[in-house]
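Trainee: Line by line, the protein sequences give chains W and S. Going by the numbering used here, the first residue of the first sequence is number 30, and it counts up by one from there. Going by the numbering used here, the first residue of the second sequence is number 15, and it counts up by one from there.
Hints were generated in silico from the structure; no laboratory data involved. This structure is a prediction, so every number in the text was calculated from the model and none was measured. Don't take every hint at face value.
Partial selection, computed: residues in chain W whose CB lies under 10 Å from chain S [said to hold, decoys possible]:
(1) Ser103
(2) Leu105
(3) Ile132
(4) Asp138
(5) Trp181
(6) Pro223
(7) Leu225
(8) Arg229
(9) Asn255
(10) His277
(11) Glu278
(12) Glu298
(13) Trp311
(14) Val313
Stretch by stretch, here's where chain W covers chain S in the computed footprint (C-beta under 8 Å, at least three residues) [to be verified]:
(15) 147-154
(16) 160-171
(17) 174-182
(18) 189-201
Here are the simulated DMTMM-like pairs of lysine to aspartate or glutamate, each with C-alpha atoms no more than 20 Å apart in a straight line [what the hints assert, rightly or not]:
(19) W:Lys86 with W:Asp138
(20) W:Lys69 with W:Glu91
(21) S:Lys67 with S:Glu304
(22) W:Lys269 with W:Glu182
(23) W:Lys215 with S:Glu249
(24) W:Lys86 with W:Asp129
(25) S:Lys231 with W:Asp134
(26) W:Lys215 with S:Asp48
(27) S:Lys52 with S:Glu294
(28) W:Lys215 with S:Glu182
(29) W:Lys177 with W:Asp207
(30) S:Lys154 with S:Asp63
(31) S:Lys216 with S:Glu182
(32) S:Lys202 with S:Glu304
(33) S:Lys265 with W:Asp129
(34) S:Lys154 with S:Glu235
(35) S:Lys202 with W:Asp201
(36) W:Lys269 with S:Glu182
(37) S:Lys202 with W:Asp222
(38) S:Lys67 with S:Glu247
(39) W:Lys137 with S:Glu235
(40) W:Lys215 with S:Glu304
No residue lacks a Cβ here, since even glycine has one placed at the ideal position from N, Cα and C.
In case you want the letters, here they are:
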Amino acid sequence: MTHLSRREFVAMAGATLAATQLAPAQAPKLTAGEVVDRIKKNLGIPWNATTFRDTYKIGSPESPVTGIVSTFGSNLSIMQKAVKAGLNMIVTHEPTFWSDADIIDMVKDDPLYHFKLDYATKNKLVVWRIHDHVHSHKPDLIWAGWNKGLGWEKYLTGNDRGYVIPPTTLKDLALFLDKTLPAGTKSIRCIGDPNLPVTRVATGRDLTSMGMDADCIISSDSREYNCYEYARDSVHMGIKRGYIYIAHEAAEDVGTQEVANWLRPLVPEVEVRYMPTTDEFWGV
Amino acid sequence: MSITAQAVIDRIQRKFGPGWEPTPVDAFMAGKPDTEVKGIATTYAPTLDVLKKAVASGKNFIISRESPWWARLNAFGGGTQFQGLPSVWTNGQDYVRQEAGAAETDATLIAKKQYIEANKLVVYRWFANWNAQPVDFQLKGLAKALGWEQHYKPSGGYPWGHNNGFFELAPATLKDTALAIKKKLGVKSLRIGGNPNTIVHKAALSHGMYWLPDLQKLYAEPGVDLLVVGEPEWENELSLYSFDVADSGQKKGYIVLGQQVSEEPGCAEMAAWIKPIVTEVPIEHIPAGEPCWTSS
Numbered sequence: 030m031t032h033l034s035r036r037e038f039v040a041m042a043g044a045t046l047a048a049t050q051l052a053p054a055q056a057p058k059l060t061a062g063e064v065v066d067r068i069k070k071n072l073g074i075p076w077n078a079t080t081f082r083d084t085y086k087i088g089s090p091e092s093p094v095t096g097i098v099s100t101f102g103s104n105l106s107i108m109q110k111a112v113k114a115g116l117n118m119i120v121t122h123e124p125t126f127w128s129d130a131d132i133i134d135m136v137k138d139d140p141l142y143h144f145k146l147d148y149a150t151k152n153k154l155v156v157w158r159i160h161d162h163v164h165s166h167k168p169d170l171i172w173a174g175w176n177k178g179l180g181w182e183k184y185l186t187g188n189d190r191g192y193v194i195p196p197t198t199l200k201d202l203a204l205f206l207d208k209t210l211p212a213g214t215k216s217i218r219c220i221g222d223p224n225l226p227v228t229r230v231a232t233g234r235d236l237t238s239m240g241m242d243a244d245c246i247i248s249s250d251s252r253e254y255n256c257y258e259y260a261r262d263s264v265h266m267g268i269k270r271g272y273i274y275i276a277h278e279a280a281e282d283v284g285t286q287e288v289a290n291w292l293r294p295l296v297p298e299v300e301v302r303y304m305p306t307t308d309e310f311w312g313v
Numbered sequence: 015m016s017i018t019a020q021a022v023i024d025r026i027q028r029k030f031g032p033g034w035e036p037t038p039v040d041a042f043m044a045g046k047p048d049t050e051v052k053g054i055a056t057t058y059a060p061t062l063d064v065l066k067k068a069v070a071s072g073k074n075f076i077i078s079r080e081s082p083w084w085a086r087l088n089a090f091g092g093g094t095q096f097q098g099l100p101s102v103w104t105n106g107q108d109y110v111r112q113e114a115g116a117a118e119t120d121a122t123l124i125a126k127k128q129y130i131e132a133n134k135l136v137v138y139r140w141f142a143n144w145n146a147q148p149v150d151f152q153l154k155g156l157a158k159a160l161g162w163e164q165h166y167k168p169s170g171g172y173p174w175g176h177n178n179g180f181f182e183l184a185p186a187t188l189k190d191t192a193l194a195i196k197k198k199l200g201v202k203s204l205r206i207g208g209n210p211n212t213i214v215h216k217a218a219l220s221h222g223m224y225w226l227p228d229l230q231k232l233y234a235e236p237g238v239d240l241l242v243v244g245e246p247e248w249e250n251e252l253s254l255y256s257f258d259v260a261d262s263g264q265k266k267g268y269i270v271l272g273q274q275v276s277e278e279p280g281c282a283e284m285a286a287w288i289k290p291i292v293t294e295v296p297i298e299h300i301p302a303g304e305p306c307w308t309s310s
């Protein structure tokens, strides 16, 4: 391994910062490329250069960085908040132009694409996505952030996605998530008896995870036509299991706080701020 | 006069005409095609609950939009919903994983199979060819359920055609419009994006799963200030598109109904479509109902 340990790196970066303060005129400005290089060197896993996800979406390695926002989705509202905060590099977990591979062909004639791109360019924003590599990091930073955010590290059963939590009910667990997750879960939806006793919790996503042996499965980014229909058939046949479906951002946004915490010591020159991508849905 | 399940499907294909395409989607999913039909139920999803209601009312043939086995993987190559989409979406491992079915050993799968066998039920899934008709009956059914039929203002093209669901409504706030929709459809929850006080009056209505190109087409229609849609494919991308629309300063609202809520009324249209050609047995639409409750 050629990369520096985090401690060595922080020491070195601190020295750089001290030198910067002594001689600001000669100080090289922090660039997006430098930030990305430091991320790559400190991940502890080889960089997969074939990823279509973890790339620049707006801006380039030469873009100067005034501060960094770590967030779930590079929404227009996040860009607006980033500009206001004077932090111009958005490190996003999910896409910018509404498809997993940010396929420009699909949006090049869309006025909203141009509005967003123009806004970002005018405000000298740089958007870089890190998805695959924060999930491959040991531990998965997004899941580490989920565990920390819910205070559930102590309830892990060994498998990092299963928990035994203090006894509660399906409805109270849903309310707890709503209250605790920074993104909020306004689009929370449940299947099962609201009063079902819950202590063994699993996390799922697709149909094959809906039959797991647990009192409650917390799931996000699930398809309604398969997962929800399976869930209600299971409940109807008498299996004592409940389902809580939360928005994708509610499930993963909290993890981008951990990404910010991980990134902060690598770039002591600028502020690294976690900005929640909130669930913007409301109900009547 | 008795009639078999296969004979019912033969009559459906005859009424449909020469354009019927053989697909892996439109097929018997359970039971024997030569079963004598005592009654027909159409539904969005043949849930255990729907099957029991069918049995209770003496019906043994279920014609459904979704599969009793909760999977759409068999839609590959046969369905219409993946056409024209970038292969990076439809060929990805992730996508295939999303569409995978339940294991053969799954307790719920076994129980459902047993119930269907014990009650000698037949389930036929009618999806791709039903969708392929020039009139989008799923759209028409949903518009009827909303009480919007008389407000229909097609954007040229084929009336009641696909992605041609545009309506001139009495101007009202997004919040009041959402409340009216909730009441009319009798649903427990809607997910709404946009400023509650925005006045909306021209709605684009859609149903089922939608993709980015669908959203773009609906938003591009001149004057549209309200989208009422079914289920987003990739929630984090498509809902975020609509939030971006609102955050870019456009005064537009966005209401997500959910897959079942958006598709169920069209399944009543399916029953009405079949009724004139199968007079021997009763036909009824049995709604699967809204799958979820909300904690708020």
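Trainee: Checked against the structure, which of the hints given earlier come out wrong?
Mentor: Hints 5, 7, 8, 12, 15, 16, 17, 22, 26, 28, 30, 33, 36, 38 contradicted; others consistent.
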